[in-house]
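Using the UniProt record's numbering, the letters of the sequence shown map in sequence onto residues 1 to 224.
Because the hints were derived from the structure by calculation, they are not lab data. Warning: the hint list may mix true and false statements.
[Said to hold, decoys possible] EDC-like mimics (lysine to aspartate or glutamate), calculated; alpha carbons at most 16 Å apart, straight line:
{"id": "1", "residue 1": "K125", "residue 2": "E168"}
{"id": "2", "residue 1": "K125", "residue 2": "D170"}
{"id": "3", "residue 1": "K125", "residue 2": "E145"}
{"id": "4", "residue 1": "K203", "residue 2": "D67"}
[Unchecked claim] Label pairs and their computed distance ranges (CB to CB):
{"id": "5", "residue 1": "R216", "residue 2": "A133", "range": "21 to 27 Å"}
{"id": "6", "residue 1": "D54", "residue 2": "G171", "range": "31 to 37 Å"}
{"id": "7", "residue 1": "R218", "residue 2": "S32", "range": "35 to 41 Å"}
In this text, a Cβ means the ideal position worked out from N, Cα and C, and glycines have one as well.
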Amino acid sequence: MVDRANASGHIACMPERAAAMPNVLVIDNYDSFTWNLVHLIGPLCGTVDVVRNDALTIPDIRARAPDAIVLSPGPCTPTEAGICLDVVRDLSEEIPIFGVCLGLQAIGQAFGGDVVRAPLPLHGKVSTIRHGARGLFRGLNDSFEATRYHSLVVDRATCPAALRVTAEADGLIMGLEHAERPLHGVQFHPESIRSQHGTEIVKNFLDLATAWNTARDRTRADVH
């Protein structure tokens with residue numbers, strides 16, 4: 001069920017099995033694809049709150065205490081994407097984060113990588129994504145088809161050592177993960193109807209987020 005009653009513009013997706021399922025905060029980068037992403041995520045989690053990238057602060061997010069954060073696609077650069085860079089820099093040690101398209105670029109830039117023009121702008125192009133069958137891509141075929149809508153990429157030559165390339169297409173970065181933090185991203189659009197394995201990729205992220213949160217809570221309990 002999608003609740004559109006919140007006057008502040010938040011949207012919450014609340015499946016009947018919401019108990020014990022992760023609660024997700026989606027940061028909307030003023031993009032129409034955000035809502036497709038919400039509908040993909042909704043059945044897999046407890047609640048989804050959608051908030052524009054200039055409508056909240058880092059303390060606001062900490063107060064909400066989401067189980068995971070999703071950085072949506074968007075029409076701008078990471079520098080122009082509101083709070084996104086700060087979210088990656090300040091919260092990726094505390095809260096699992098999944099970046100899509102612009103969201104992946106924000107991850108790359110936040111850790112020192114350059115976001116540059118792609119050799120060709122790709123809008124609606126279906127490409128073969130190759131990956132290492134780990135992390136977001138666990139259990140998937142060695143390659144699959146996915147839709148790309150982007151003119152910018154994280155420059156592979158400047159990709160920071162803290163980030164691992166987990167997927168590629170045409171020699172360009174299509175997936176990233178942090179070596180230590182619960183931080184993952186894809187350049188393609190898993191929510192597109194022409195992308196294969198979109199549900200599996202989101203589910204893998206939510207499983208990774210749940211496992212990381214469980215381990216963190218156990219560590220905190222052991223300390224106290």
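So, going through the hints one by one against the coordinates:
1. K125 with E168: Distance of about 15 Å is within 16 Å: holds.
2. K125 with D170: holds (12 Å)
3. K125 with E145: This hinted pair holds, its Cα atoms lying about 10 Å apart.
4. K203 with D67: holds (14 Å)
5. R216 with A133: 21 to 27 Å: holds (25 Å)
6. D54 with G171: 31 to 37 Å: With a Cβ separation near 34 Å, D54 and G171 satisfy 31 to 37 Å, so the hint holds.
7. R218 with S32: 35 to 41 Å: Taking Cβ atoms as reference, R218 and S32 lie about 40 Å apart, which means the hint holds.
The structure is consistent with each of the numbered hints, conforming to all of them.
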